[in-house]
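S.K.: In case you want the letters, here they are:
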Amino acid sequence: MVDLGGIRKPISIALVPEAEVGDYVIVHVGHAIGMIDPEEAEKTLALFAEMQAMTGAEVQS
Amino acid sequence: MVDLGGIRKPISIALVPEAEVGDYVIVHVGHAIGMIDPEEAEKTLALFAEMQAMTGAEVQS
Amino acid sequence: MKYIDEFRDGELAKQIGERIRAEADPQRSYSFMEFCGGHTHAISRYGVLELLPSNVRMVHGPGCPVCVLPIGRIDLAIRLALERDAIVCTYGDTMRVPASDSLSLIKAKARGGDIRMVYSAADALAIARANPQREVVFFAIGFETTTPPTALAIRDAQREGLANFSVLCCHVLTPSAITHILESPEVRQFGTVPIDGFVGPAHVSIVIGSAPYDHFAEEYRKPVVIAGFEPLDVMQAILMLVRQVNRGAAHVENEFTRAVTPEGNLRAQALVSEVFELRPSFEWRGLGEVPYSALKIREAFAAFDAERRFDLAYQSVPDNKACECGAILRGVKKPTDCKIFGTVCTPENPVGSCMVSSEGACAAHYTYGRFRDIPIVAATATEEVTP
Amino acid sequence: MKYIDEFRDGELAKQIGERIRAEADPQRSYSFMEFCGGHTHAISRYGVLELLPSNVRMVHGPGCPVCVLPIGRIDLAIRLALERDAIVCTYGDTMRVPASDSLSLIKAKARGGDIRMVYSAADALAIARANPQREVVFFAIGFETTTPPTALAIRDAQREGLANFSVLCCHVLTPSAITHILESPEVRQFGTVPIDGFVGPAHVSIVIGSAPYDHFAEEYRKPVVIAGFEPLDVMQAILMLVRQVNRGAAHVENEFTRAVTPEGNLRAQALVSEVFELRPSFEWRGLGEVPYSALKIREAFAAFDAERRFDLAYQSVPDNKACECGAILRGVKKPTDCKIFGTVCTPENPVGSCMVSSEGACAAHYTYGRFRDIPIVAATATEEVTP
Amino acid sequence: MRTEHDQAGAGEAPAPKPVKKNYIRPLDIKHGRIDMGHGAGGKAAAQLIEELFLAAFDNEFLRQGDDGAVLALPAFDPAEGRLVMATDGHVISPLFFPGGDIGCLSVHGTVNDVAMSGARPLYLSASFIIEEGFPLIDLQRIVQSMAAASREAGVPVVTGDTKVVEQGKGDGVFISTTGVGVLPPGVSISGRHARPGDVVLVSGSIGDHGVAVLSQRESLAFETTIQSDTAALHTLVAAMLAAAPGAVRVLRDPTRGGLATTLNEVARQSGVGMLLQEAAIPVKPQVDAACELLGLDPLYVANEGKLIAVVAPEAAEAVLAAMRAHPLGQDAARIGEVTTDPHHFVQMATRFGGRRVVDWLSGEQLPRIC
Amino acid sequence: MRTEHDQAGAGEAPAPKPVKKNYIRPLDIKHGRIDMGHGAGGKAAAQLIEELFLAAFDNEFLRQGDDGAVLALPAFDPAEGRLVMATDGHVISPLFFPGGDIGCLSVHGTVNDVAMSGARPLYLSASFIIEEGFPLIDLQRIVQSMAAASREAGVPVVTGDTKVVEQGKGDGVFISTTGVGVLPPGVSISGRHARPGDVVLVSGSIGDHGVAVLSQRESLAFETTIQSDTAALHTLVAAMLAAAPGAVRVLRDPTRGGLATTLNEVARQSGVGMLLQEAAIPVKPQVDAACELLGLDPLYVANEGKLIAVVAPEAAEAVLAAMRAHPLGQDAARIGEVTTDPHHFVQMATRFGGRRVVDWLSGEQLPRIC
Ligand code: SF4
Ligand code: SF4
Ligand SMILES: [Mg+2]
Ligand SMILES: [Mg+2]
Ligand SMILES: [Mg+2]
Ligand SMILES: [Mg+2]
Ligand SMILES: [Mg+2]
Ligand SMILES: [Mg+2]
Ligand SMILES: [Mg+2]
Ligand SMILES: [Mg+2]
Ligand SMILES: [Mg+2]
Ligand SMILES: [Mg+2]
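Protein chains in written order, with UniProt numbering: chain E, 1 to 61; chain P, 1 to 61; chain R, 1 to 387; chain U, 1 to 387; chain C, 1 to 370; chain S, 1 to 370.
Careful: at least some of the hints might be erroneous.
Unchecked claim - Over the 10 Å line for every Cβ pair with chain C, so calculated as not near, a few chain S residues:
#1 Glu80
#2 Pro98
#3 Leu136
#4 Ala147
#5 Lys163
#6 Thr225
#7 His326
#8 Asp331
#9 Ala333
#10 Glu337
Said to hold, decoys possible - Listed next, the in silico PhoX-like pairs over lysine-lysine satisfying Cα-Cα at most 20 Å (straight line):
#11 Lys339/U with Lys321/U
#12 Lys169/C with Lys30/S
#13 Lys2/U with Lys43/E
#14 Lys321/U with Lys333/U
#15 Lys321/R with Lys339/R
#16 Lys2/R with Lys43/P
#17 Lys321/R with Lys333/R
These are calculated hints, taken from the structure and not from any lab test. Treat the numbers as computed from the prediction; the structure is a model and nothing was measured. All C-beta atoms, glycine included, are put in the ideal place defined by N, C-alpha and C.
Given the sequences, and given the hints that come with them, work out the whole structure.
M.R.: Written out as structure tokens, the structure is:
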């Protein structure tokens, strides 16, 4: 059962049996095919933010 | 193929194979089950007519 | 329509009516049973009763093929459709006969059964050819008239090697039913049903001939006049019956000589006995189990026998308690004797089988004759031919 | 929606866009191929192109699973439905891909084929369970992402002993397709397609991992950045590609670390190789026969292989002559180079497969980008972020 | 002993039993299902409408009980007329039949339902429900036939809707048409207005449409030169109303369920009986023959270009003359009269000299012929 | 080399090719068949209507091209108003869904089509096509829901028709409703009246109905608290018209094909373009999430209780305020404006900062949700 913004739908986790309630998964054609690593997601977002800082700096200059 | 008052419908004559074009047959559930003997039909009608004559006669009396 | 319109002539009808009135003994009453539903229908539809004097009465017999079909048989057909996923083909009126669980074939169809109305047994065969992956069962009902076409279909299916076609055979025999009525206690012992003679079957007789009736005439001392299905045929037959009764005679006469011979259609008879054999016993609605009154499919055609093919076990089911169909079919009661006639039981919601087909006694009376029970209308509506 | 909305932020997009503009060398142009249809869709739907400087161009690759399906394969599925009376289940967009005889699966459905859209391979399995008397074929298409669910379905069918289920396997392999493009004469010999790097697949990479791309990076000296399907992922990947090009680097980077690991989903890989093996050759629409570019079902699961079960013989069918899909899939042409783009070929009446799925290059351009070809609108509509 | 058989003889009047209340079993809503009988236009259909639809929608307009509703238009001066609205779904099979198709039928059927109120039909709407896979060429033929019928009638199709359903969830095409028209001031025609002594007229031979359609049924397939009578009757109605203003009390087109069912509806609505003369009812010989062959009664067979009228006796000849002067009423005939009858029976003196009840259609005589 | 890829980059304006004629292949009437796409409310449906239906019926009323036709009533004084007529077939599956059922939907859908002309809806007709075997209890539930909706809207069902089709020739029940209403003098609202500079408003969040219906589909089955928005909008329309008489140019309910298709229809009818602001379009988070999960675009998902309005810019705020004051317009928003565009593109500035065409629905995004 996945929950996306309040929508709940049963999906198969046969391909990511390690997934537990509360985990974020990537869903493709009704199957969870992989998990989302929250730490890595934060890192990527941080990268964007860093960029923003850089660009912001340039615009100010 | 039977013709009744201009309506033509294919029926099976497997049960009265002696029926020929122009003959009158009795049809039941899509099959001719017997033939009509024109002479006998006339006789029966004549019987009715005779009755009419008789009754007519009585009424006059 | 040649050989039809001539036999529906109103003027002649009036004349024959007057003749009957003239010849019928006013001191006695005459009760004749028309065995066939076809006659019942003709009498009702053309208003034949009004042309008869009041001391000549017609009693409806058990000759409506739909009316004598017991609930248990319809249940079998319904189960084939709903539980065995067969395409069940049947003649029109059979669709509406009430069965168990408030079902009927038409209601089973509404519940998803693949049930199809056919005009002829050959249509069922065509459906089987067109649906090779489905079981197709022809629910075959009727008297000696509908039996030969069923036999033909079975023989053709065998010749073609049609593996998905079978017949649920419910064909019954006219002579057995007549015998049964004549043997029934009401008629034999109590004399409560004063049947003075029979209007003999039209189409049935074309197939079986007039000879089989000789037996009744002799054994039970009842006159039989075989008559066509047109209203003048019926009236003429009644006149002939009145004359026999007046003479104290009891033999078989044939008003329908234009189509009925003494020996009948021999080819059809041969075909029927090639495919079918006598059933030791068969339940009729209203008459109960009647020995040797029906046909079953011979061993040689066992592959086409739905009862064997689907291993069906017949289970008798009692009729609705209020329903008087049984007594009506034996001529012991009339439709208006039934407490629910025209109220709970109507052609839209038939409770008993007599209310289904327009050949059924109750349906015929409901549809065509009801006004005669109703005083206010009868007063203005009866156009009697007063002498 | 967590992990989605954050990656669609317009403000951040503008910043990354400015960063790309700042770092891209105005003296040169950059051409990057997004292999996946998912990226094509994201670029079009979110209007990513308008945030890029004019010297950074995106080339659509052959990664739309519907677009690479050759006509002959769809013909097989249609024939299973129309001639073999099978229930054919497939993913939505596949329904509309043009096949032979002016048919498509949706038109074959209108001609009476029992063709059903499913959301997942498991749904096809459920349909097979519910229709034991019918053959149910799952028309399985897609790259490494859709393959594991198909493998699961086959394995489950075998475990259950589901006798009426089979798979028409059209699963293809991403690395083979990329190699094929890099080996194509336009790229290798003539240099007419200046691909400077690849935006690497998102979902495919979740399954196969990032390692398989190392080969291209080394062998063909092209940078690859694996990116998620959200628009910020794509922009970030482009920035990373620009930086590699500027540095003259050619290695595999992973922007999508939140879901892609170097080794991928090992369990899914194991399942796939249990059920499938390499096909010696497979026809791709636009790319022709590509050796070892697809999967077939292993002998051990032969009962579930629709090709064997129905003894299907693949027949190659040439594309519509006017259609430039092949060249477009190889990145050699663009949709507007096709003479019938937007006129004869539209999403309602697709002529080629690229016009079918919104991930297809032609459909994406028709649906989301067309206004950019049209001067009068472009004049008022372009909101460029001028420096 | 005699009373046991008194239904069998006519005379010597044994005290007849009092008539039982006209009770029928109510719908079994909890367990019941729609069966083909509910759509055949007979008593089962009437019961469904009464116990399910009328019970829910109950309003003065529906209670009029006619095929079209007469309405007030609040913004307009009622002295200028009233609005009439009628709707019909068309689900005929086969879609094409001798003399017509579902297209022209769907125009005529609704134009007629509007016209039967005495109104002048003005506009039609059309809702198409098409089955996936239906050939465009057939659809075009149907739509063009509809357009031609609409042009010929002078009643344009002004708005429409098209839906597509999956194969096996429809049957080629269904067309629901709705018509509106304007009822001139002073005209008041309704099934409720028949009075004892009124004369019953029919505009021509009955059963043609149903027989023409049945001849095309795969399972029945017979050859006939009979064509459907499908036609728009509003100009015939106009001619009748002009001939004897105020004298026409009831107009109705005997479609599903045929003449018999239509007259029973009127008898019930007006609380009267009727007595028909079988010999006076025009039936074409081929229709008679087809009914004979198929075991049908022409009184229950559908018509699509005929009307019945109940008119004041003093105006009957004038109206009949006007009908016969119109191309669609050449074979018009006087077929019976309205009687007093608390049982609302429609009876018929048979050609044979007897008399019978002509009841509502019960069950399904003919599947989907209009 | 550059021109070969100029679709890939936005700037440095390479001479853009002249736009090709907006040609689409005509219907292949001879060999073509109806497919599900023809019923999805997108371009294929529009083409079918134009090349097959309009070609046959061609008349000034149909050519108005709106969901309801504005008619003259010859017997009446035109200064008192005009008649409006609209029809819709309802073939939704499943028949019952969160927030409604086919019964209330069939009332709301047609009341709304009448209301979108600015008319006051007065009367409804209903044509039922019921599949044999349909449970009476479900039919009753539907009819009662329809009756309740009709009562609540104050628009009675005044006439009806019921047909039954065999099992496998229908799908439970189809309901075609037709509505008539009166358009007050001076009101002129049509999809043809949008002008560049006009403001586009929507009365609330989009996609609720389609998502609610899809959640019940066996094959998709997901859980959501989203309910269909099905509602009768005529009182909202009345409030809008009262707030700024003469300023409302276009009203339409974005049903099949959703907001995107409805706006494209208007753009084509009026010969204009539109520019929407994605960020301004109200979409509930659950609707957004369901679309994400199913690969849909909320712009193409059906609504049954929403309207879009194109209004004169100077009156936009007044109309918006009137909408927000009405219970059915609380979340009304200004979502874009009308532009000059010979290509009649509806474009959208994405939340992301880009821009895209918002085209007609093509093919079938969502089967039978209204
Ligand atoms: S009226 Fe009905 S219940 Fe009574 S005897 Fe006749 S068929 Fe049976
Ligand atoms: S526009 Fe159509 S025909 Fe042309 S390349 Fe694209 S898909 Fe092929
Ligand atoms: Mg009507
Ligand atoms: Mg009608
Ligand atoms: Mg519509
Ligand atoms: Mg069908
Ligand atoms: Mg009518
Ligand atoms: Mg409409
Ligand atoms: Mg609508
Ligand atoms: Mg009607
Ligand atoms: Mg169904
Ligand atoms: Mg609308």
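S.K.: Next step is simple, just say for each hint if it's right about the structure.
M.R.: Taking the hints in turn, this is what the structure says about them:
Not every C-beta of chain C lies more than 10 Å from that of Glu80/S, the closest at about 5 Å, which undercuts listing it as non-interface. Under the 10 Å C-beta cut-off, the non-interface status given to Pro98/S relative to chain C holds; the minimum distance is some 22 Å. Under the 10 Å C-beta cut-off, the non-interface status given to Leu136/S relative to chain C is violated; the minimum distance is some 4 Å. Consistency note on Ala147/S: stated as away from chain C, yet its beta-carbon is not over 10 Å from all of that chain's, at 4 Å minimum.
With a least beta-carbon separation of about 4 Å from chain C, Lys163/S fails to lie farther than 10 Å from that chain, contradicting its non-interface assignment. Distance to chain C confirms Thr225/S as a non-interface residue, since its nearest Cβ pair spans about 29 Å, more than 10 Å. No beta-carbon of chain C comes within 10 Å of the beta-carbon of His326/S; the shortest separation is about 23 Å. Distance to chain C confirms Asp331/S as a non-interface residue, since its nearest Cβ pair spans about 28 Å, more than 10 Å.
At roughly 29 Å, the least C-beta separation between Ala333/S and chain C is larger than 10 Å, which holds for a residue marked as non-interface. Taking the minimum C-beta to C-beta distance to chain C, about 29 Å, the non-interface status of Glu337/S holds against the 10 Å cut. Our distance criterion of 20 Å between C-alpha atoms is met by Lys339/U and Lys321/U, whose separation comes to about 11 Å. The hinted pair formed by Lys169/C and Lys30/S fails the criterion: a straight-line CA distance of about 24 Å is larger than 20 Å.
Restraint check for Lys2/U and Lys43/E: the C-alpha separation of about 15 Å stays at or below 20 Å, so the hint holds. Distance hint between Lys321/U and Lys333/U is fulfilled; the C-alpha atoms sit about 15 Å from each other, no more than 20 Å. For the proposed pair Lys321/R and Lys339/R, the alpha carbon gap of about 11 Å is at most 20 Å, so the pair holds. Annotation: proposed proximity of Lys2/R to Lys43/P holds, straight-line Cα distance about 15 Å (limit 20 Å).
Note on Lys321/R and Lys333/R: the hinted pairing holds, with a Cα-Cα distance of about 15 Å set against a maximum of 20 Å.
Hints 1, 3, 4, 5, 12 from the earlier list are contradicted by this structure; the remaining hints agree with it.
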